[in-house]
Every structure is written in C-alpha cells, then in structure tokens.
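These protein sequences, in sequence, are chains A and B.
Just so we're aligned, residue 0 is where the first sequence starts under numbering that gives the first Met the number 0, counting upward by one.
Just so we're aligned, residue 0 is where the second sequence starts under numbering that gives the first Met the number 0, counting upward by one.
The reader is advised that the hints may include incorrect statements.
Restricting the straight-line Cα-Cα distance to at most 20 Å, the calculated cross-link-like pairs of lysine to aspartate or glutamate (EDC-like) are [claimed, not checked]:
| # | chain 1 | residue 1 | chain 2 | residue 2 |
| --- | --- | --- | --- | --- |
| 1 | B | Lys55 | A | Glu88 |
| 2 | A | Lys398 | A | Asp477 |
| 3 | A | Lys231 | A | Glu324 |
| 4 | A | Lys460 | B | Glu61 |
Output of the computed footprint for chain A on chain B, the stretches with three or more beta carbons under 8 Å from beta carbons of chain A [claimed, not checked]:
| # | segment |
| --- | --- |
| 5 | 173-185 |
| 6 | 294-307 |
The hints are simulated quantities; they were obtained by calculation from the structure and are not laboratory data.
Glycine included, every Cβ here is placed at the ideal spot set by N, Cα and C.
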Amino acid sequence: MRRAISKALTALIIVLVVALSLGAYLYFAGTAVKKPARKTVVIYASLSEMTSAEPSTEFSNSIMWMAVVYEPLLYYDPLNNVFIPALAESYEHDPSGLVWTFHLRKNAVFHDGTPVTAEAVKFSIERTISLGQGAAFIWDPVESIETPDNYTVVFHLKYQAPLDAIASSGYGAYIFSPNVVKYAKASNSTDPKITDWFNAGNDAGSGPYRLVKWDPQNEVVLEKFTDWWGWKDPKYPLKSDKAPDVFIIKIVKDSVTQERLVRSGDIQIAQTVPLEDIENLKNDPNLRVVMKPSFQNLLLFFNTRKPPLDNVLVRRAIAHAIPYEDIVKIAVNGLAKVASGPIPHGMWGHFDNFTYTYDLDLAKKLLTEAGYPNGINRTLVLTYTAGDVYEKRTAELIKSSLGRIGINVEIRPMSWQEQWALAQSGWNNSQAAQDLFIMYWWPTYVTPYDFLFNMFDSSSKSFDLCYYNNSEFEKIIDSAHQLEGIDRARSLELYYKAQKILYNDVPAIALWDSIDVKVARANIGGLDKAINPAYATVVFPQALSVEG
Amino acid sequence: MPLGREYLLKRLFHLIFVVFGVLIITFIITRVLPARPELLWAGPHATIEQIERARKELHLDEPIYVQLGYYLWGFIRGNWGVSWRTKTPVLNGLLSALPATLELIIFAFSIATVLGVLLGIVAALRRNTMVDSVIQIFSVLGASMPVFWLALIMLYVFSNTLGWLPSSNRVDETLVISTGFHPITGFYLIDSLMQGNFPVFIDVLRHMILPALVLSLYPMGLSARMTRAMMVDVLHEPFIRSALTWGIPKKLVVYKYALKNAVAPVIASLGLSFGYTIIGAFMVELIFVWPGIGLYLAMSLLSFDYPAIMGAVIIVALFYSVINLIVDLIHAWIDPRLRL
C-alpha cells in the first residue's frame with residue numbers, strides 16, 4: 000500500500016514538473032525570448048585582468064576600457080602627428096608657452112546626463128593631481144587651472160611643457176563628473192569613498208560606451224552610450240555607423256587560448272596570439288590579421304658601474320656583436336623592427352641612424368682596445384622576465400653571439416618582481432647587481448622625454464637601470480621637453496643630440512621595436528582606425544564596423 | 000535513531016578548527032615567499048616612492064604577525080580585503096566565481112555518481128563477461144587519465160574538429176545580451192529556467208557538457224570500480240542468497256538490499272575524491288576559461304595577490320570540509336553503526 004502511494008506521488012511530481020516547464024516555456028516563448036532585438040556584440044580578449052576602475056590613479060591594464068568609457072581633452076594620433084579633438088574642440092597657448100587655453104565642446108554629456116563643463120575638467124584634473132598616484136606626475140607642470148566660463152579651461156604652467164600631449168595621455172588625463180562626490184556620499188574630492196565607489200563598478204565618464212558590468216577577473220561589459228556627442232557629429236573621424244552595440248573585454252590569460260577562441264569565433268578580437276602562428280592565421284579566410292606599429296620596445300641595459308661594463312669600449316664591442324636582424328627574425332618571427340635608438344619607429348623623435356652594425360671583427364677590435372684581447376674571463380649575468388618567450392629567445396641569441404667574441408653569458412630568468420628588485424639594488428651596490436638586463440618600455444604619453452628621462456636620467460632611480468648619470472644629457476632632454484609644445488623643430492634637434500650621446504656612451508641598447516599584431520574575425524572592420532599606438536592595448540570600439 | 004547533536008557539534012568544531020588552521024598556514028606560507036606584491040598594487044612604471052607608499056598602505060612593512068592580526072581583525076568582521084590586482088573586494092570576486100564552480104562540480108558529480116554506480120552494478124551482475132571487461136577498462140582509464148590531457152583531447156575532438164560543442168566560457172555572451180538573461184543565483188541552469196529563457200538554458204548546458212564530462216571521469220571510474228567490488232562481495236553474502244531463494248524479485252534484491260549494503264564505501268570514496276575533483280576543476284577551468292574559483296585562485300597565485308589567495312583557499316577549505324561533513328552524515332545515515 001505504502002509503495003503504491005509513493006509511486007503515485009512520484010508520478011504526480013513528474014507530471015507537475017513537466018507541465019510547469021511546458022507552461023512556462025509556452026508562456027515565455029511568446030513574450031521575452033521570442034525574436035529578441037538583435038544587438039551587435041564584439042568580444043575583445045585581454046591577456047591581463049583589469050586593474051581598477053578609478054580614472055584618476057589607473058596606470059595599468061584598465062585603460063583598455065577606461066579609454067572607451069572616459070574621454071580626455073584630446074586624443075593624439077602619433078602616426079600622423081596630429082591631435083584629434085575629444086572633449087576639447089580647440090586649444091591654443093600664448094607665446095611664452097606658459098598659458099594654455101582649451102575650448103570645450105558644448106554638446107558633451109556625462110553618462111548621468113549632466114553636461115561636461117569647464118568646472119568638471121578642473122575638478123577631474125585637480126583630483127588626479129591631489130591623489131598623486133599612478134600617472135599624476137604628468138600634470139607636474141601645472142600651476143593652476145582657471146575656468147573663465149562654462150566651456151573654457153585655462154592652465155597656467157610653472158614651466159614650459161607640451162600640455163596638448165599631456166592632455167591626450169592614456170593614463171591620468173580622463174575627465175569625470177564632479178557628481179561622484181554626491182554619488183559616493185563623500186566629503187570632498189579626495190575622499191577614499193570615491194575610489195570605493197568607482198571600484199564597485201560605477202562609471203562617471205562621458206565616452207561612447209558605458210560600463211554595465213564590472214567583473215575585473217573575467218569580463219567587463221560596455222554598452223553604447225547613445226547620447227555621446229560623437230555619434231551625432233557626421234564629420235568626426237573616430238567613429239563608425241556600424242559600431243557594436245555591446246563591447247566586451249574578456250580576460251583570457253594566455254595567447255594560445257586566445258588563438259583558439261578567435262578561430263572558433265568565441266571572441267572577435269584577440270589581443271595577442273603566438274607570433275609563430277601569424278602566417279598560418281593570415282591564410283584563414285575567417286580571420287583578418289592587422290598590424291600596427293607599437294611604441295613598445297625591448298632594451299638591453301648594461302651595468303655601467305661594474306667592470307668590465309664600466310668601460311665604454313666593452314659596451315661598444317657588445318653593441319656591435321649583437322645580431323639584431325637575426326633576433327628579429329628568430330625571436331619574434333620577423334614581427335618587429337630592428338630598433339634605432341631608444342625612441343621607437345613611427346614616433347616623433349625617432350631617427351633612423353642609431354642602429355649599431357653587426358660586425359664581429361669590429362667588436363673583437365674594440366675588445367682588444369679595451370684591454371681584453373682574449374675575451375672576458377668573468378661570466379656576465381643577464382636577467383630577463385621568466386615566462387616571456389620572446390625575451391628568452393633574444394637572451395639566447397645574445398648569449399651565443401657574445402660567446403663568439405669571447406664573452407660568456409649566463410642567462411637568468413627571474414620573475415619581473417625579482418628581476419626589477421635586483422636591478423634596483425644596483426643603485427646601492429652595483430657590484431652585486433646583474434651585468435645585463437632586458438626589459439620592455441612603453442610611454443605614458445607620447446613624448447621622447449618619457450623614454451629618455453625614465454631610462455637614462457639619474458634622478459629616475461626606478462627605471463634608469465643602467466645607472467647612467469650624465470648631467471649634460473640630462474640638461475639637454477629637460478630643455479627639449481620644455482620646447483616640445485612651442486618649438487618642435489628645436490626640440491627635435493635637442494632630442495637628436497641626446498640620442499647621439501647615448502649612441503656613443505652605450506648605457507643601453509634598444510633591440511627591437513614591437514609591432515602590434517591583432518587577429519580579428521573577418522567581419523570586424525575598422526580595426527586599423529580603432530588601434531592607436533599612443534594608447535597601447537586599447538581597441539576603440541566606436542571606430543569598429545561589425546559587418547554581416 | 001536521529002543523528003546525535005553532540006556528533007554534529009563535534010564535527011562543526013572540527014570544521015572551524017580546520018579552516019582556521021588552513022587560514023593561518025596559508026597566510027604564513029604566502030608571506031614568506033620572496034615576492035613583492037606591492038609592485039602589483041602600484042602598477043607598472045610606478046616610481047620607488049609610489050611603491051614605498053604601497054608597502055605602507057598594505058602593511059607589508061610590518062612584521063608578519065602584525066599583518067596576520069590586521070587580516071584576522073578584518074576577516075572576523077567579514078572584510079576579506081581587496082584584491083591587490085583588481086582593487087575590488089575579494090568577497091565579491093569569490094561570490095561571483097563560486098556558483099560557476101559549484102554548478103560545474105555538482106553537474107559533474109551527478110553524472111559521475113549515477114553513471115558510476117550503474118556501471119558498477121552492471122559490471123558486478125555480468126561478472127567476467129565482455130561487458131564487465133569493457134567497464135573495467137573504462138573505469139581504470141577514467142580514473143587514471145590526467146584531467147588536463149583529457150580536456151585538451153576532448154576540446155580537439157568535440158570542439159575544434161567536429162564543432163559540436165563550444166570550447167570556452169559558461170554561456171554565449173551574445174545570446175545573453177540578446178535575450179536579456181541576467182544571473183540571479185549565479186547557477187546559470189537554474190537562473191535560465193527561472194527566467195523561462197530556454198535558449199540560454201540549452202546554451203549553458205552545451206557549454207557545461209565538455210568540462211563536466213572531463214571532470215566526472217575520475218569520480219565515475221572510481222565509483223564504478225568501488226561499486227563493482229562491493230557488489231560482488233555483497234552478492235555473495237548468505238542473506239542475498241537466501242533472499243533470492245525465498246523468491247524475492249532479483250531487481251528488488253539487487254537495487255535495494257545489495258546496493259544499500261554496497262553503496263556506503265562508494266559514497267565515502269566519492270567524498271574523498273572530491274578534493275581531487277576540486278584540483279581537477281582548477282585545470283578544467285583554466286583550459287575551458289570557466290570563470291570559477293579555480294581560475295580565480297590560479298590567477299591570484301600567479302600574481303601574488305595575497306588577499307585573493309587567502310580568500311580562495313579559505314573558500315575551498317570550507318567547501319571541502321562541508322562536503323566531507325555531508326558525506327559523513329550520509330554515511331552515518333546509511334550505516335547506523337557509525338552513529339555510535
């Protein structure tokens with residue numbers, strides 16, 4: 000009897016569940032799910048996780064989406080060397096170069112609907128300066144900011160500086176709504192509550208897309224902001240009528256998986272795929288491969304305070320013993336350019352005659368001259384960042400080539416943290432530090448000064464990891480930087496002179512300038528416009544066209 | 000006899016003890032590693048001054064017991080800290096990752112238990128036949144193939160070559176957006192049903208098949224072998240033979256009397272294999288880009304994101320202890336001798 004009841008009960012439950020599901024299906028099939036409005040979606044895979052949602056201090060990977068959600072005053076197109084108006088329609092400076100005036104466009108609104116005003120610009124930049132973190136240093140020349148009317152911002156500088164380039168920086172130059180104070184229930188602009196409010200996944204920008212989902216470990220979802228001024232301006236170059244409705248940045252932490260996903264169509268754009276597969280991918284009709292210059296380069300630093308590398312002749316000998324062409328061909332499958340000086344190709348301030356010839360006889364001669372006719376009897380230690388296969392291959396090629404002029408090299412892969420800490424210790428104890436050091440560099444904003452100051456000025460203890468100290472050089476780059484905005488020709492002359500000094504002193508050698516290779520599905524157009532080397536890793540979705 | 004309250008309390012006390020122990024050990028191990036996570040906080044191209052400031056902010060300049068004190072004080076008040084690489088609260092990250100892992104594991108374990116036990120019974124009933132050998136080989140293979148290898152092979156066959164099943168992620172983002180699907184519980188199968196969103200339900204299911212299958216093979220093989228061995232033993236017990244001679248239907252004898260006696264050790268072994276499955280889930284999540292705890296922990300480990308590592312390890316420890324507790328309770332419920 001009990002068995003029969005339980006059987007009946009089971010049957011009843013099954014019938015109920017089936018009926019309910021069926022009913023629900025029929026009900027919803029008629030309403031929510033049927034014929035959804037088709038939105039176009041582009042998924043862009045990022046190799047790294049997002050690092051914060053705070054526009055004032057972000058100095059890392061989050062610019063991938065911040066550059067889309069927030070706007071600076073200007074964008075810079077480094078390949079054509081022009082500034083593209085963003086929130087500022089035009090700007091000018093007085094003859095002294097100490098007063099810069101920016102005129103804002105009147106139809107720009109923040110995502111909360113309030114207008115972008117001069118007051119907001121002042122608020123944003125002043126907050127970034129007061130927090131003093133991340134890339135806040137770019138505003139160092141600014142003495143004060145005035146707002147004579149709602150749409151005019153005047154910057155008074157302490158010393159001459161290229162404020163247009165600074166205002167177009169990908170880091171630390173974003174404008175956000177002063178309403179954040181209210182939203183975050185903060186007491187003032189530097190209240191940590193505002194940072195918490197941002198990092199909870201809120202945005203206060205004015206850009207073409209809004210932040211709708213903030214899951215920094217997995218994905219960031221951005222949705223078209225229909226009130227963006229750019230959509231309505233038919234002449235504005237940096238947008239497309241077929242821009243995706245939704246742009247997703249998906250974190251896929253390794254390049255092999257990214258390649259798999261872009262092949263299968265699970266993502267539309269891969270940030271990085273293994274360079275050795277590029278030729279193969281080019282032949283896939285479903286994909287397109289886009290290449291653009293990038294302002295990232297790889298450099299080899301010498302410990303200029305430790306024998307034998309304290310001798311400039313030895314450094315010069317090594318400079319002539321590195322097979323630059325082979326390194327590019329083998330280490331990065333030809334997808335880079337042999338560098339000529341520390342300023343990368345395509346950027347202003349780059350000159351083509353700073354490459355050392357590969358000449359082993361000359362190298363041996365220089366070594367003999369330096370007093371090492373039989374080579375060097377100490378093994379030099381070269382450190383690189385473990386896990387980076389391109390650095391690894393480069394290190395191996397350098398080792399084998401230096402072996403041919405009698406210099407033994409021990410390659411030591413280290414985590415970046417250890418590698419950098421060891422290199423830093425060289426400022427206090429150069430004898431205990433490495434001899435050779437490999438690292439990448441890319442600029443905060445596009446100026447030769449970023450490369451020359453950070454890596455070669457003795458006051459930049461963080462990244463002058465060749466321990467180079469040359470006061471003449473430092474004076475030259477300082478004046479070059481100040482003249483950038485007002486006398487570009489003179490500034491270029493000085494930058495040339497500075498690089499000539501480096502060429503002769505050889506504190507470091509630029510090995511190659513990276514090429515930015517992105518792989519996308521064939522139906523994604525406009526990538527060429529959407530990628531700008533001044534904003535490394537960013538794909539501007541407003542310029543993409545989704546076909547078909 | 001109901002389970003004793005004393006037994007439960009004792010087990011709960013054990014659980015807290017274990018989790019706390021794990022917390023302290025993990026804390027100490029991560030902090031003695033020669034890493035400089037303040038670089039992570041300060042970001043690339045940070046100056047020495049900014050890094051020094053980061054060290055102070057994160058209390059990394061203080062002795063380890065003081066750091067532990069800060070952590071415990073926060074932990075007790077429900078503040079698990081902020082991830083040093085994403086600057087978002089660890090608890091948020093974990094709570095969004097946990098349902099993804101749970102859904103996957105539960106799904107995988109359900110497949111493993113049902114299929115494993117069934118295969119075991121079939122093998123025991125058809126002992127020493129072809130069927131038995133095939134099942135035996137299958138279960139040995141299932142239990143011994145490395146998960147990461149199997150995952151890659153499955154991906155290659157079912158996704159890349161045949162194109163039957165998707166290769167990554169929990170759900171097709173495009174479908175999510177076009178149908179307006181929004182997570183409620185974080186268990187997408189349940190959420191999509193609750194919203195009557197059948198396209199998403201099917202899609203979630205399709206995404207789950209490969210990772211769940213890969214993950215289920217180890218416990219499936221294990222439970223099949225255990226079930227077979229136990230059933231073979233039990234089927235030879237005198238009480239089974241007498242039951243059969245009394246004319247009780249064979250089905251009833253096998254599935255009720257024999258299985259009930261055979262299944263307890265199977266459940267215990269499944270509980271133990273759960274730890275292995277969590278490790279397997281980490282691999283599977285990495286390969287299938289499954290946004291769960293495994294992926295979260297792996298990424299935290301790679302970047303020395305201390306608070307995130309701590310959070311993930313605590314969750315896993317908690318999870319593991321709770322599962323063990325549940326398994327023991329089920330065990331005790333099935334086998335009354337254990338309650339004594």
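Going down the list of hints, with the structure as the test:
1. B:Lys55 to A:Glu88: At roughly 42 Å apart (the allowed maximum being 20 Å), Glu88 (chain A) and Lys55 (chain B) break the hint.
2. A:Lys398 to A:Asp477: violated (36 Å)
3. A:Lys231 to A:Glu324: violated (48 Å)
4. A:Lys460 to B:Glu61: violated (24 Å)
5. 173-185: holds (count 5)
6. 294-307: Contact hint for the segment 294-307 of chain B vs chain A: holds, 4 residues under 8 Å.
Of the hints listed earlier, those the structure fails to meet are numbers 1, 2, 3, 4, in rising order.
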